Amino acid sequence: MLRIRDLHASIDGKEILTGLDLDLPAGEVHAVMGPNGAGKSTLSNVLAGRDGYEVRGTATLDGTDLLALEAEDRATAGLFLAFQYPMELPGVGNAYFLRTSLNAIRRAHGLDEVSATDFLSVAREHLTALDMDPAFLSRSVNEGFSGGEKKRNEILQMSMLQPRLAILDETDSGLDIDALRIVARGIERLRGPDRSMLVITHYPRLLELVRPDRIHVLDGGRIVRSGGPELANELEADGYVGVTDRIPA
Amino acid sequence: MTVAADDVMTEEAVHARTWLCEHGLPTGREEDWRYTPVTEVRRHLDALPEAPPRQREVTRDDIDRLAGQHGPVRIVHVDGVHVPALSTDALPTGLWFGTTHNLSARVRLQLTTPAGDPPDGFEALNRSASQDVLYLLVADDADLREPVHVVHVSTGASVSHPRLVVDVGVGGRIHLVESHVSLDGGGFTNASTTVRLSARSHADVHRVQEQATDAVHVGRLELHHDAGAHASVTALSRGGAISRLTTVALLREPEASCTVTALLAPGIGARHDDAVTVDHLASRCTSDLTVRSVVPERARVTSSGHAIVRPDTVATVAHQRTDSLVLHPTGQADSRPWLEIFADDVRANHGSATGRLDDDALFYLRSRGIPRAEARDVLVGAFARTLVERIDPPSLRDQIAGWFGPEGTA
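The listed protein sequences derive, respectively, from chains S and A. Counting from 0, one number per residue, gives the positions in the first sequence under numbering that gives the first Met the number 0. Counting from 0, one number per residue, gives the positions in the second sequence under numbering that gives the first Met the number 0.
If you are wondering where the hints come from, they were derived from the structure by calculation, not from laboratory data. Model, not experiment: these values are computed from the prediction. Idealized CB from N, CA, C, for every residue including glycine. Incorrect hints may appear among the rest.
[Said to hold, decoys possible] List of simulated lysine to any residue pairs, SDA-like, C-alpha gap at most 20 angstroms: (1) S/Lys149 x S/Arg180; (2) S/Lys149 x A/Asp359; (3) S/Lys149 x S/Phe135; (4) S/Lys149 x A/His229; (5) S/Lys149 x S/Gly173; (6) S/Lys149 x S/Leu129.
[To be verified] Not close to chain S: a few residues of chain A, all C-beta gaps over 10 angstroms, as computed: (7) Arg16; (8) Asp131; (9) Val169; (10) His174; (11) Ser282; (12) Phe382.
Make a model of the complete structure from these sequences and hints.
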């Protein structure tokens, strides 16, 4: 599924990712944890194709060279990024945005576009599953949404676009316990043998609700330690400093 | 006094012609015309012949395709000449329509009101050269909410001077949609519309300029408000290599009000100059001006908002807001608020913002699989949508939304 080798990324001459290696097999959920400034958001931005980074190394999704693709082509190749800070788009209706996105991806795969009627019917099913008010669809994208609503809207998009690889960039940040549970339930619902997820987070709390297959600790722009779900408990007990201090030189 | 229609028009036309000979067309040295490429406008004017009457056959399908159908009443004016065969016969109760050539006695009196000196050379030229002025009279207390659609067609490379006069009686109401379109390119349109609003009357005016990309359009919309009259003007401008629209609202009596909304979407390399003047001549008058412009490659848009508050008036409110979205480094947007306030009891403000497309918003859309060009269209449409959503009738709203790519409500 996702294979990253010796990934370097710089912005304004400052190197953030310093030779990152990562393998994420199909059907697995991996968590990437790390302290502030470790490079977590840079990793998600670089994989999703945000402009402004100088990048070298390789990152492939099912053998496709992601780094050679434009951001929109990465999305149609199956990559989805749930943003840490979802953009507000005043004047762009949520339903219009979602349908445009869905149809862009369908077009890229040679499929017919979804009609407005069919779209609304499918969207309502996803909204219900995520315990979201259908009124979400008639509002501008994220405009005036609470932090929790924005994150749920990201999960709604992921749910409808059905990506092969979902990167969730600190989706738990700014959520209260109830909102976190709803978001976690949405993520769990999308787990499947053909889908992989990379959950980027600061805190082990989300990982109690979304059990990862592997946890990677990112520090200084590269993976410094990997382990099973129990690594979250170790991080909770000792912090990043404690865990990274025990890394053999 | 009995005044023959032709005599009335001749008198007005002669006066305008005399004024034009004495004063000439505006130049770029005049403050009101500083941002209009007047030399280029005049060069086009000099190079083109006056439009011969009915120089090209225009069909109903042409009108549908170019201007749409925005109400039960449609009046068609081709190169400044009324074409009954393309216009609606039946008019709603309370609406009277006529032209220079069939003025009835009841409008003669109104037309003998001296029009005064023309405010500028283009208006003088229009008054002196317009061949077939259209008149719409709304009876006192008539409530005409269904749009009256007046379509001005320029058929080709010639000059035309369409002129429309609307008179709304006391307590009356009209919804006017005025479209300026081109059958073929290269034309010069020098248009003028005057709306006289009697006491407590109301006019919704949608003025659509969607002429050919190489056309030159100079337009004037003048509103005269009596006490308590309200006008809501929406100016929608897309066509033309050069387009200049002057909107003037004269709030002559107390408690008159107007809102002026302009949406400017010139093509690549075009020049659009939108100049609005609201003159608060009496007390307790209010005005609200909102302009949004989308400026593509090598285009230049200038938006001037001139608010005048006269001495000895009280409780005046005058707001202005201009926002420009510049899509390319070679595009240019100028905003020019101009407040002349000669009274103390005034609430006035103006705000202006010019920006480019937000890279983060573009990335967000692209990260959802939407190609860059389509993502750009979505954001431009969103910028315009705040104003587009207010357009009524829905048929016109859909037409204008189409300027900014496919519109979706899912």
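Status of the hints after comparison with the structure:
1. S/Lys149 x S/Arg180: holds (15 angstroms)
2. S/Lys149 x A/Asp359: Holds, at roughly 16 angstroms.
3. S/Lys149 x S/Phe135: It holds: about 10 angstroms lies between the C-alpha atoms, which stays within 20 angstroms.
4. S/Lys149 x A/His229: violated (42 angstroms)
5. S/Lys149 x S/Gly173: Holds - the C-alpha atoms of S/Gly173 and S/Lys149 are around 10 angstroms apart, at most 20 angstroms.
6. S/Lys149 x S/Leu129: Holds, at roughly 13 angstroms.
7. Arg16: Fine: 48 angstroms to the nearest Cβ keeps A/Arg16 off the interface.
8. Asp131: holds (42 angstroms)
9. Val169: Given a closest Cβ separation of 40 angstroms, the condition holds.
10. His174: It holds; A/His174 is separated from chain S by about 25 angstroms at its closest Cβ, greater than 10 angstroms.
11. Ser282: Holds, since 37 angstroms exceeds 10 angstroms.
12. Phe382: Non-interface label fails for A/Phe382: nearest chain S Cβ at 7 angstroms, not farther than 10 angstroms.
This entry does not satisfy hints 4, 12, going by the numbered hints stated previously.
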